[in-house]
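Chemist: Listed here are the chains, written in short residue letters.
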Amino acid sequence: MTSEILAEIPGTIAEVSVREGQMVEAGQQILALESMKMIIPVLAGSAGKVVRLPRSLGTHVQEGDSLATFTTVTH
Amino acid sequence: MVDTTSGQTTVASSRRPEQAGTQNTEPLTEEDTASIWLNSFLDKGTVSPLHPPGSSGIRTARGCLGDTDVVVYCTVPELKGGALGHEGCDRIVDAIGIAARSGCPVIGIWHSGGARLDEGIEALDGVGRVFTAMTHASGRIPQISIVLGPAAGGAAYGPALTDLVITAPEARVFVTGPDVITAVTGERVDQNTLGGPDAHSERSGVVHIAATSQADAFHRARRLIDILATPRRPFALPSPTGNDLSRLLPTDSRRAYDVKPLVEGILDHESFEEIQGRWAPNIVVGLGRLAGRSLGVIANNPLRKGGCIDARAAEKAARFVRMCDAFGVPLLVLADVPGYLPGTGQEWDGVVRRGAKLLHAFAESVVPRITLVLRRSYGGAYLAMNAAALGATAVFAWPGAEIEVMGAGAAVRILHRRRIEAVPVPERPALEVKLAKQHELRSTGTRHALELGVVDRVIDPHETRYILAREFAAAPSGRGSHNNIPL
Chain A
1 MTSEILAEIP
11 GTIAEVSVRE
21 GQMVEAGQQI
31 LALESMKMII
41 PVLAGSAGKV
51 VRLPRSLGTH
61 VQEGDSLATF
71 TTVTH
Chain B
1 MVDTTSGQTT
11 VASSRRPEQA
21 GTQNTEPLTE
31 EDTASIWLNS
41 FLDKGTVSPL
51 HPPGSSGIRT
61 ARGCLGDTDV
71 VVYCTVPELK
81 GGALGHEGCD
91 RIVDAIGIAA
101 RSGCPVIGIW
111 HSGGARLDEG
121 IEALDGVGRV
131 FTAMTHASGR
141 IPQISIVLGP
151 AAGGAAYGPA
161 LTDLVITAPE
171 ARVFVTGPDV
181 ITAVTGERVD
191 QNTLGGPDAH
201 SERSGVVHIA
211 ATSQADAFHR
221 ARRLIDILAT
231 PRRPFALPSP
241 TGNDLSRLLP
251 TDSRRAYDVK
261 PLVEGILDHE
271 SFEEIQGRWA
281 PNIVVGLGRL
291 AGRSLGVIAN
301 NPLRKGGCID
311 ARAAEKAARF
321 VRMCDAFGVP
331 LLVLADVPGY
341 LPGTGQEWDG
351 VVRRGAKLLH
361 AFAESVVPRI
371 TLVLRRSYGG
381 AYLAMNAAAL
391 GATAVFAWPG
401 AEIEVMGAGA
411 AVRILHRRRI
421 EAVPVPERPA
431 LEVKLAKQHE
441 LRSTGTRHAL
451 ELGVVDRVID
461 PHETRYILAR
471 EFAAAPSGRG
481 SHNNIPL
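For the record, the sequence lines run as chains A and B.
Position 12 of the first sequence, counted from 1, bears residue number 12 in my numbering, the numbering being contiguous throughout.
Position 6 of the second sequence, counted from 1, bears residue number 6 in my numbering, the numbering being contiguous throughout.
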């Protein structure tokens, strides 16, 4: 199943912690947003493979913008 | 027909409750589903019916949950899909009245398609009287709803008028169902997408706890009632040299973190029951115990939206503060807040109107309420997190906390705008940094707040549990005299 992580808040991509194609665990940091003068980690909600990371470091995003697309792994 | 192997009560296929929307009458056995639910929810041997069984479609009983006497009413799924008729509504009104006069919690167990169509306006009138009874009991006794199946139309607003709504995975709560929606608007949606636990725990905020099963729903209701109805349990005062809770904070003060482990670290082991955890998750609210005493906790969660206050978060916290105040439950406020979320979306979503609810809720509440500033508390959001000016019983801060109108960088850009604009553009960032450092020396931290008396003292993270427990024990108890309108 494919799922997507959307930005909860407007901000700037401050860290990109994974690569496209990488397997991630639930709770693993995908990237971090700088917003409200804070660095806010964006975590994987479940285990899966990162299919797409549409935003690069320094990009400004709006609330609701896609930050990552995954295929989720069900055990 | 009870499946005991799974620990859950399930209805056998030959007596399966009808789907919402069909209202055929079936003969009712002594052991209808409602009676099975009542017997599995209440303590064994304590169930005492308030009304004789019959065709009203409602079962009512008194019983016990541990030390607490409670009243329960329950719809009967086999009778017209649990639909509400005037006679059944009279029973609910009666049950709520008995609970209110006895001062004990009342719990509704719901599986209902709404008002009985064959009774027409008489059924609607009955449903309206239920709403009135719930409203009159609001704030006087805790009212909890457990939704185990459909709760449509009037049966949706019943739970919504109560203090806390718990759903089983089969719950489907909506005013108008998928068929009507398609007929009126052309939109196609299934019952679960429209009004299932995910919809109401993430999108609408109607549901306070989405349980994982019917048994879990009953268990969670018991936990909440225990905290609301038994304000003190025997418990030793925590040690003055407890765990260093500040190790749960990141070393970089700009980095966000999940506040929930910290809430759990302050409260007694496994006592925290979060409410509306998936809705407005940038503020965490829930009930728990500290040194055996019931507490409501309100905490900014930096991991979600930086922990900022937005319109939804303010409204969520406001309702929770009013509920706790109505039932005399003291409040612990953990502040780590960068401010209100800016933007047209927020302003037009009513961050002013909905944010005012939180200020109102704190300012009117008379229960002991203590604020602990963990890392930062800025501007208007500082006030909204139970500041001294709103009548906090005490305000503490951890070492290094910053309490001010805004961050130093933003402050100097306003205070020294002309001076900054007077230098060439390339030199401005360096000047801003220099001015911000000077500003920090003067204004940040807790020094100014301590001088003004808006922070009582800086406390060591090791002694946090001890000091909070001692302060709550010393504070005179109070209970607000108001209802709990579902804000």
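What the hints contain is simulated information worked out from the structure, not anything from laboratory work.
Beta carbons are placed, not taken as given, at the ideal position from N, Cα and C, and that holds for glycine.
One should not assume that every hint holds.
[Said to hold, decoys possible] For each label pair, taking beta carbons as the anchor points, the in silico distance ranges come out as:
#1 B/ARG479 x A/SER56: 28 to 34 Å
#2 A/ALA26 x B/SER477: 21 to 27 Å
#3 B/GLU364 x A/LYS49: 36 to 42 Å
#4 B/ARG413 x A/ARG19: 43 to 49 Å
#5 B/ARG278 x A/ARG19: 41 to 47 Å
#6 B/ARG457 x A/LEU6: 30 to 36 Å
[What the hints assert, rightly or not] A short, non-exhaustive set of chain B residues, derived as facing chain A with CB atoms under 10 Å:
#7 GLY103
#8 GLY196
#9 TYR257
#10 LYS260
#11 PRO261
#12 GLY265
#13 CYS308
#14 GLY339
#15 GLU404
#16 VAL405
Chemist: Now tell me, hint by hint, if it's right for this structure.
Modeler: Here's how the hints hold up against the structure:
1. At roughly 55 Å, the beta carbons of B/ARG479 and A/SER56 sit outside the given window of 28 to 34 Å.
2. Distance hint check: the CB atoms of A/ALA26 and B/SER477 are about 42 Å apart, inconsistent with the given range 21 to 27 Å.
3. For B/GLU364 paired with A/LYS49, a C-beta distance near 51 Å fails the hint of 36 to 42 Å.
4. One distance hint, 43 to 49 Å for the beta-carbon pair B/ARG413 and A/ARG19, is violated here, with the actual separation near 37 Å.
5. In this structure the supplied range 41 to 47 Å is violated for B/ARG278 paired with A/ARG19, their Cβ-Cβ distance being about 30 Å.
6. Look at B/ARG457 against A/LEU6: about 42 Å separates their beta carbons, and that is not inside 30 to 36 Å.
7. The interface hint given for B/GLY103 is violated, since its Cβ lies 42 Å from the closest Cβ of chain A, which is over the 10 Å cut-off.
8. For B/GLY196, the interface hint is violated, the least distance from its beta-carbon to any beta-carbon of chain A being 18 Å, above 10 Å.
9. Satisfaction of the interface hint for B/TYR257 is found here, the shortest Cβ-Cβ separation to chain A being roughly 8 Å, below the 10 Å cut-off.
10. Interface restraint check for B/LYS260: the shortest CB-CB distance to chain A comes to about 13 Å, outside 10 Å, so the restraint is violated.
11. Because the closest C-beta pair between B/PRO261 and chain A is about 13 Å apart, greater than 10 Å, the hint is violated.
12. Given the 10 Å rule on beta carbons, the hint for B/GLY265 is violated: about 19 Å separates it from the nearest Cβ of chain A.
13. Because the beta carbon of B/CYS308 sits about 5 Å from the nearest beta carbon in chain A, less than 10 Å, this interface hint is met.
14. At its closest, the beta carbon of B/GLY339 sits 7 Å from a beta carbon of chain A; the interface hint therefore holds under the 10 Å criterion.
15. Checking B/GLU404 against chain A by beta carbon gives a least distance of about 13 Å; that is not within 10 Å, so the hint is violated.
16. Hint status for B/VAL405 relative to chain A: violated, with the closest Cβ pair at about 14 Å, above 10 Å.
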